[in-house]
Structure formats: C-alpha cells, structure tokens
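> Position 113 (the sequence shown) corresponds to 113 in the working numbering; numbering is contiguous.
Hints may contain errors.
Calculated pairs, DSSO-like style, for lysine-lysine (alpha carbon to alpha carbon, straight line, at most 27 Å) [stated by the list, open to error]: (1) K161 x K190; (2) K430 x K406; (3) K198 x K140; (4) K60 x K161; (5) K60 x K140; (6) K301 x K337; (7) K561 x K549; (8) K331 x K301; (9) K50 x K105; (10) K496 x K486; (11) K486 x K541; (12) K489 x K476; (13) K502 x K362; (14) K264 x K198; (15) K274 x K264; (16) K406 x K362; (17) K506 x K578; (18) K472 x K460; (19) K274 x K288.
No lab work stands behind these hints, which were simulated from the structure alone.
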Amino acid sequence: MLTPCFCTYYHIRSEGELVQQIVEDVLVKLDSSFLSITAYPVGLESRVRKVIDFIENQSKKVCMIGIWGMGGSGKTTTAKAIYNRIHRKFVDRSFVENVREVCEKENRGIIRLQEQLLLDILNTKEKIHSIALGTTKIEKRFRGKKTLVVLDDVTTFEQLKSLCGNPKLFCPGSVLIVTTRDIRVLNLLKVDYVDTMKEMDEIESLELFSWHAFRQPIPIKDLCELSRNVVAYCGGLPVALEVLGSYLYERTKEEWISVLSKLKRIPNDQVQEKLRISYDGLKDDMAKDIFLDICCFFIGKGRADVTKILNGCGLYADIGITVLVERSLVKIEKNNKLGMHDLIRDMGREIVRESSAKEPGKRSRLWFREDVHDILTKQTGIETVEGLVLQVQRANRVVLSTDSFKEMKKLRLLQLDHAVLIGDYRYLSKELRWIHWQGFTFNYIPDDFYQGNLVVIDVKYSSMKQVWSETKLLDKLKILNVSYSKYLKNTPDFSKLPNLEKLIMKNCPNLSEVHKSIGDLSNLLLLNLKDCTSLGNLPKKIYQLKSLKTLTLSGCSKIDKLEEDMGQMESLTTLNAKDTAVTEVPHSILRLKSIGFISLCGYEGLSHDVFPRLIWSWMTPTMNSLPCISPFGGSSLSLVSLDVSSNNMADQPPMLRNLSKHRSVWIQCRSVIQLTQELRNFLDGLYDVSFTKLETTSHASLILDISLKSLLIEMGNCHMLINTLGKSISQGFANNDSSNFFLPDGNYPSWLAYACEGPSVLFQVPEDIHCHMNGIVLSVVYSSTSENMATECLTNVLIINYTKCTIQIYKGDTVMSFNDEDWKGLTSNLGPGDNVEIFVAFRHGLIVKETVVYLIYNHSVTVETDSSINVEMKLSPEVNLQPSSVVKMEPLLDVKTEPSRNRNEKIFSRLAKRIGECLCIERNRGLNNF
C-alpha cells in the first residue's frame with residue numbers, strides 16, 4: 001500500500017527534482033501562510049505551470065487572471081496551488097475564500113471580506129461602515145502597492161468592484177486572480193488570461209479516483225472494471241471522483257454494485273450539493289426553466305432549433321441559453337449543438353424528481369421511461385406536467401389512449417417515438433410547442449389535433465401519405481420535418497404556413513411534387529429534399545425564395561434542370577445538388593453574392609474554388625478536362641455580366657455546347673487588394689506555376705536568338721491605325737535586328753500610346769471628357785520556337801481596372817472577331833482617370849517581348865500627368881499627323897509609361913513582372929483553349 005506521503009512525490013522523475021520538492025515541502029511546513037490543498041494533486045502541476053508562466057511574462061503590468069469552470073472542476077484547488085507557488089514574492093498578499101458563500105449567508109458579508117482584505121494587506125484592523133467606503137479605502141491603501149490578491153468563487157461583478165475597486169491602480173507587477181463559475185464576470189473585468197477548467201482525461205481520472213478509493217494510484221484487480229464504470233459516470237469531474245472514491249473506500253464488491261445501480265436513478269447528494277450551487281445562483285425563473293428543459297429533453301439538439309421552441313414557450317431563450325453557458329451549466333458543442341456534463345444533467349433531473357419523489361405524475365417534466373409508461377397507462381398525469389418523453393424501440397411499439405393526456409393541460413413539449421395514440425386528439429394540450437413523433441402511424445395528422453401553437457412538428461419515419469387532409473393556418477410553425485416518410489406523395493399547401501423557416505423532407509422516395517405555394521414562404525431558411533428519388537423538376541416559384549440560405553437536392557435523380565431564375569435567391573449560401581440529373585450549371589449562379597458552398601454537376605467545394613473552374617470551363621469550348629484552379633482569395637466575387645454569341649457548337653455535348661457560347665466574362669471584386677490576390681491565383685491556376693518560383697527568371701533571356709514576329713489586335717473602330725502600324729512594323733523589322741527592335745509609339749492627336757516589356761501594359765485613361773474613344777489596338781512583339789501563328793496561340797486578353805476593381809476576360813476568338821457589342825461592354829467599364837492594365841495570354845511556348853496599347857480617339861486628347869508618369873514622345877516619319885500641343889509629358893525617355901503609383905497600385909506592380917514571366921511559360925497540360 002502506498003502512503004499519502006509517497007503520493008506527494010509520485011510524479012518526481014529525478015533525484016534532483018526529489019530533493020527540490022522535499023526542500024519546498026519543508027519550507028511550506030515552516031510557512032504559516034501556505035494554503036492547504038488536496039493530498040492527491042493529480043494533473044495539477046501542468047495547469048498551475050501554464051498560469052504561472054503567463055504571470056511571469058506580465059511582470060511589468062498588473063496581471064489579471066481568471067479561472068473559470070463548472071462547480072467541482074478544481075478552480076479553488078488550482079488557485080490555491082498558484083498562490084502557494086508565487087506568494088513569497090509578495091509582501092502584500094491575500095487569499096479571500098468563498099466569496100459567494102459569505103455574501104449569501106451574512107447581511108454584511110461583503111463588508112467583512114473588505115475588512116479581511118485590508119487586514120491581510122495592511123496588517124491593521126480597519127472598521128468599515130459601508131461597502132462604498134470600503135471600496136474607496138481599498139483603492140486608496142492599495143495604490144502603488146505590489147500585491148497578490150486571490151478572490152475565490154466570485155459570482156457577480158459587483159462583488160469584484162467592492163473588493164478590488166480598480167485593480168489597474170495597483171503597482172505594476174501586482175497579480176489579481178479570480179475564480180468563478182460565470183465567464184461574464186471575467187469578461188467585464190477584462191482579465192488578461194482565462195484558465196478554463198476542463199474535465200480530466202480517463203487516465204488522470206482513474207488515478208485520482210484510485211487514490212481516494214484504494215489509497216494507491218491504480219485500482220485493485222477485483223474492482224478494476226467497476227472502478228472504470230464509476231470513473232465513466234464521473235465524467236472527469238474532480239469533485240465527483242473524490243467524493244465517490246472516498247465513499248467506496250473499503251466497501252465490498254456487492255456494495256460497489258449497489259451504489260452504481262442507485263446512481264443511475266439518484267445522484268450522490270454530496271456531488272449534487274456542490275453542483276447545485278450554479279443552478280441556485282440563477283435569479284431568473286425563466287433561466288431555470290430553460291435549464292431544466294435542456295436537461296430533460298434537448299441535450300444534443302441544435303441550439304437554433306431549441307431557441308425557437310423555447311421562445312415559443314415565452315422563455316426568452318436567446319439570452320437565457322447565453323446565461324447558462326456563461327454559468328458553466330450548458331456547453332455549446334460541435335455544429336452548435338447543446339451539451340452538458342452528465343452530472344450537471346443528473347443534478348437538473350434530480351431537482352425535478354425531488355419536487356414529487358413519490359408521485360411522478362405530479363412532476364413538471366417526465367423522461368424516465370418506466371415512470372412515463374406507468375403514468376400514461378394508469379392515466380395519472382396531472383396539470384403540472386409541462387414536458388414528456390417516451391422513447392421505445394420500433395419492435396416494442398406501445399398503444400396508448402389520448403385520455404392519458406386529458407389532464408395535462410400545460411403540456412408544452414411532447415416526444416412519442418414508436419407509440420400509437422388512439423382516441424380523441426382534442427385531449428392533447430393546446431399549449432404544445434414541440435411534438436417529436438417518430439413512427440407516426442396515421443395517413444395524415446388528425447384534423448381534431450389542435451396545432452395552432454406548435455413551433456416544431458417532427459414526424460420522421462411516419463406512415464403518412466400526406467401531411468394534412470386540409471392545411472389549416474399554422475402561423476407559429478417554424479420547423480416541419482417529415483423525413484423518411486416512404487409513403488408521402490406530395491407536399492402540403494404552404495400558403496397556410498407563413499412563418500415556416502425549415503422544411504426537411506429528405507428521403508421520401510414517393511414524393512413526386514412540391515406545391516407551387518412554396519414560393520410564398522418568405523421566411524424559409526432551409527429546404528432539404530435529399531434523396532427524394534421520385535421528385536421531378538421544381539416549381540418555378542421556388543426561385544422566389546429570397547430568404548433561403550440552404551438548398552439540398554442531392555440524390556434527387558429525376559431533377560434534370562435548375563432554372564436561370566436561381567439568380568433571384570439572393571441569400572443562398574449552400575447549394576448541395578450532387579447526384580441529380582442536372583447537366584448544365586445555371587449561369588446566374590455566379591450572381592449569388594452570398595453563396596459559400598456548391599455541389600453540382602461534378603463541381604464541389606467552396607464557391608471561391610468552384611467559380612474559377614466554372615468561368616474557365618465556360619470560356620473553353622474544346623477543353624478535354626477542367627484545370628485545377630487555385631482558389632480565389634474570398635467568396636466576395638460576383639459575376640456582373642456574361643455576353644453570349646451564337647457559335648456553332650453542334651458537335652459538342654449539350655453542356656459544353658451551352659457553356660462555350662460565352663464571349664467574355666466580367667468579374668467584380670470588392671477591393672484592389674482582393675482583385676490583386678484573385679488575379680494572381682487565377683493565373684497561377686491557369687498556367688500551373690507559382691509566381692514565387694519565377695521571380696528570379698530573366699524574361700529577356702528567354703527570347704535571345706529567336707526571330708521576332710508581330711501581332712496586331714483591333715478592338716473597336718481603328719482600321720486606319722491598323723494599316724499605319726502595319727507599315728511601320730514592317731519597316732521596323734527591315735531596319736532593326738531583333739535585339740534592338742522597338743515598336744512605333746508616341747502620342748498623336750488621334751491616339752495615345754503606352755508600352756511595356758512583356759505581355760502587360762499599365763496606363764491611365766485620359767481625363768479629357770470631351771473626347772470619344774473609338775477603339776483600342778494592341779501591338780504585340782513576340783518570339784516562338786514553333787511554327788504556330790500568334791492568332792492560333794492567343795488564349796485570352798484580360799483587362800484589369802484597378803479603380804473599379806473589375807476583371808474583364810475575353811477569349812482569343814472573341815478578340816479576333818471583336819464586334820460592336822463587345823466594344824460597348826469594354827468601354828462601359830472604362831472611365832476617365834481609371835487605372836487599367838491589359839494582359840495578353842498565349843500558349844504553345846509563345847513569348848511576348850513587348851506590348852503597346854494604342855487608345856484611338858476622334859480628335860486631339862488632353863492628357864495631364866503627375867510627376868510620376870514618364871512618357872517618351874517620338875514622331876514617326878510614316879505617319880503624317882500633327883502632334884497635339886496640349887499633351888503634357890516629360891520628353892526624351894523610352895517608350896514606357898509608368899502609371900501613378902498609389903498604395904494599392906504598388907501591390908500589383910510587383911506582381912506584374914511575375915505574371916508576365918508566367919504567361920510566357922511553355923504549358924504541357926493539354927488544355928486546347930488556355
């Protein structure tokens with residue numbers, strides 16, 4: 001048998017550590033200020049060390065620490081252990097214990113605690129006559145002192161203010177530690193660090209239990225399995241492990257079995273007393289009702305749904321549940337489900353049981369199956385019953401009479417799983433807000449069942465063929481769930497359900513029609529029709545659901561079309577329609593500004609991943625497979641317009657034939673920074689390379705010793721300039737070798753020229769509002785190792801407007817056949833003063849050396865530039881036009897224009913070179929049109 005003395009050193013690993021621990025223990029015995037803590041500090045050291053490390057890093061300020069957790073989780077023990085470790089560093093120190101208990105039991109409790117605090121710090125007894133005077137005295141006497149103060153079991157912020165005033169007035173290096181069950185107290189204090197007490201893991205739990213039950217770190221062999229059962233029941237709560245371990249110490253195996261059986265019905269009173277403190281601290285009866293409802297009926301249910309139900313009961317659950325979470329009585333778990341420690345649950349249920357220990361029919365809430373079955377068969381339930389749950393297995397279906405509910409006139413919550421209820425349904429309470437009835441056996445909900453106050457109707461796995469024989473007005477109904485009803489053929493008329501928010505009808509294999517009135521559900525947030533395999537196309541009115549956030553159609557194998565009207569569903573965030581017969585993605589889907597997740601036509605993922613793939617597939621009629629596009633930086637893109645031509649794609653599959661009709665895509669971003677990031681990712685995905693890998697690559701080195709060629713691209717009405725440029729370029733090739741080649745340039749009355757090395761050009765649209773732009777000409781000098789023509793290799797032209805945060809993407813075919821409608825679309829997005837960049841994208845190893853953009857106007861253009869814009873002006877001898885006298889430029893520089901660089905433009909200017917290099921890389925992905 002190991003002694004308690006050994007327990008103290010049980011975790012010491014080395015002789016040096018053992019010696020140090022013994023020295024500290026001797027000092028403790030000599031130090032009267034040392035606080036007594038548990039004899040078995042299992043798992044304590046790691047928690048204490050974490051907090052002390054934080055305190056040591058805050059030595060130059062007043063450090064405020066909060067320790068928060070449910071009753072019995074070890075808050076006080078942890079605070080005492082921290083105090084014992086650091087209190088010798090402070091001359092002025094105080095540990096104020098049991099603040100809640102003192103304040104509740106004594107009228108002048110808070111004043112007595114103020115006097116204790118002053119005595120500990122000043123070593124003099126101060127007489128305090130009021131709380132306000134005590135607070136003032138504490139602030140005055142503590143000002144400038146380096147203090148250590150621990151306030152244990154604080155329940156209100158007023159207690160804190162009374163005991164420490166403004167702790168920031170303390171001397172730097174002071175430490176204030178507060179333990180509480182209410183996180184709001186710590187939030188109001190604005191502590192620097194919150195140590196949240198968590199349940200002990202299975203290994204630590206078994207060890208702590210064993211020290212109390214066997215006085216050794218492991219169970220004895222004969223009681224090992226029973227020990228694990230007790231530990232599982234305790235759920236890692238230290239106080240339960242200590243209490244039950246001590247209670248079972250030196251008891252027989254038969255007694256252990258008896259105790260475990262009793263715990264299933266009646267919790268241990270010592271544990272309950274500790275846990276009930278948090279419940280008793282709830283001053284609001286509504287919060288208590290919410291707690292008891294959750295204990296008995298709603299653990300594991302979604303917070304949003306439970307809130308709707310309890311709000312329907314008039315309990316103000318939004319704030320009520322928040323208070324319960326703050327008080328450590330309720331937890332919010334994964335997927336926003338309500339959770340609760342098992343012992344807290346048992347404490348709540350014991351409160352209900354104690355209200356009528358001998359007569360269950362008089363309790364407010366009934367959940368224990370034997371009690372419920374007995375009450376319903378003997379018809380002993382009375383008016384006090386507010387909630388009832390009966391869960392039986394399908395094979396053990398029970399038949400009950402509605403007479404059993406005749407006296408339960410206050411019944412709000414009812415769950416009957418696999419029970420058959422016969423008789424007059426008028427006997428069911430008119431106060432019902434929630435009915436959960438799995439295995440409902442009737443063809444429809446009986447007409448004589450009053451449902452006017454119901455918030456939730458959940459009748460999964462029913463035998464219904466229709467929900468109601470005739471729909472009645474149910475204006476309080478928010479959730480209707482008829483999933484897995486294999487005989488259900490059609491939906492009800494929704495016009496009588498004006499406030500419905502969730503409609504769940506998944507896996508109804510015979511459901512073949514959705515009533516057109518579904519479009520009237522202006523508050524509907526969720527529609528789930530998953531695996532309704534007989535359901536044909538949806539009524540058009542469904543696309544009028546502007547409030548709908550989640551639409552699930554997965555597995556609806558007969559739905560073969562989603563309408564373009566989907567663009568009206570402005571709140572839609574999730575569209576899950578995989579495994580349907582839909583083959584064409586509605587173009588309007590890109591107009592959905594709120595969309596976050598999409599699963600449709602083989603596309604699945606977040607919208608910022610899916611949208612680029614959709615856009616490129618629409619722009620690429622002959623591609624064999626979709627490229628892997630890097631995700632956009634966020635989901636805040638919106639497709640502003642899609643222009644459609646009548647290309648003849650009769651030999652393509654229907655889906656590709658439709659998508660390939662788009663000539664251009666216009667993407668609207670919300671900021672220049674986002675535009676920059678998304679364009680970067682856009683091109684990364686297109687060319688399957690990373691810009692960062694290409695930063696040091698010399699673009700010029702890629703084009704040495706390769707003969708140069710040229711390409712002129714006309715957009716708009718600029719035939720005269722095309723002819724002039726063609727002559728000039730021909731002469732340039734004749735007179736210059738490839739290493740010194742340059743394009744004609746300059747600023748003339750009828751055009752402005754902007755030039756840059758590589759495939760992109762930055763420029764600013766002139767401010768002269770009296771001129772009219774007739775066209776844009778792109779003059780590109782390139783080199784190619786293949787015999788492919790540039791017109792064949794041109795994949796896209798991108799026009800990026802940094803001022804308007806837009807990207808216009810034109811297919812190569814569109815650019816080479818630019819029409820008036822294309823020109824109108826382009827110019828509608830170019831305004832005076834806009835900062836613009838144009839990219840030309842090629843494939844098949846074609847490398848761009850230089851690009852010039854010519855803006856063609858109908859008369860002379862006034863261009864005013866700031867000092868950051870540098871343009872060389874040269875008059876070409878081939879062009880007999882008069883130079884403009886009003887263009888203000890700095891002369892005698894190369895044919896390069898450097899646009900005004902504000903903060904946002906600089907972000908992309910560093911990226912431009914990398915993109916240019918990226919666009920010149922040989923691509924081997926087999927994408928025919930990119």
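> Hint by hint, say whether it matches the structure.
Now for the hints, and whether the structure bears them out:
no.	hint	result
1	K161 x K190	holds, 13 Å
2	K430 x K406	holds, 11 Å
3	K198 x K140	violated, 38 Å
4	K60 x K161	holds, 23 Å
5	K60 x K140	holds, 21 Å
6	K301 x K337	holds, 5 Å
7	K561 x K549	holds, 20 Å
8	K331 x K301	holds, 12 Å
9	K50 x K105	violated, 35 Å
10	K496 x K486	holds, 24 Å
11	K486 x K541	holds, 26 Å
12	K489 x K476	holds, 25 Å
13	K502 x K362	violated, 35 Å
14	K264 x K198	holds, 24 Å
15	K274 x K264	holds, 18 Å
16	K406 x K362	holds, 14 Å
17	K506 x K578	holds, 14 Å
18	K472 x K460	holds, 21 Å
19	K274 x K288	holds, 17 Å
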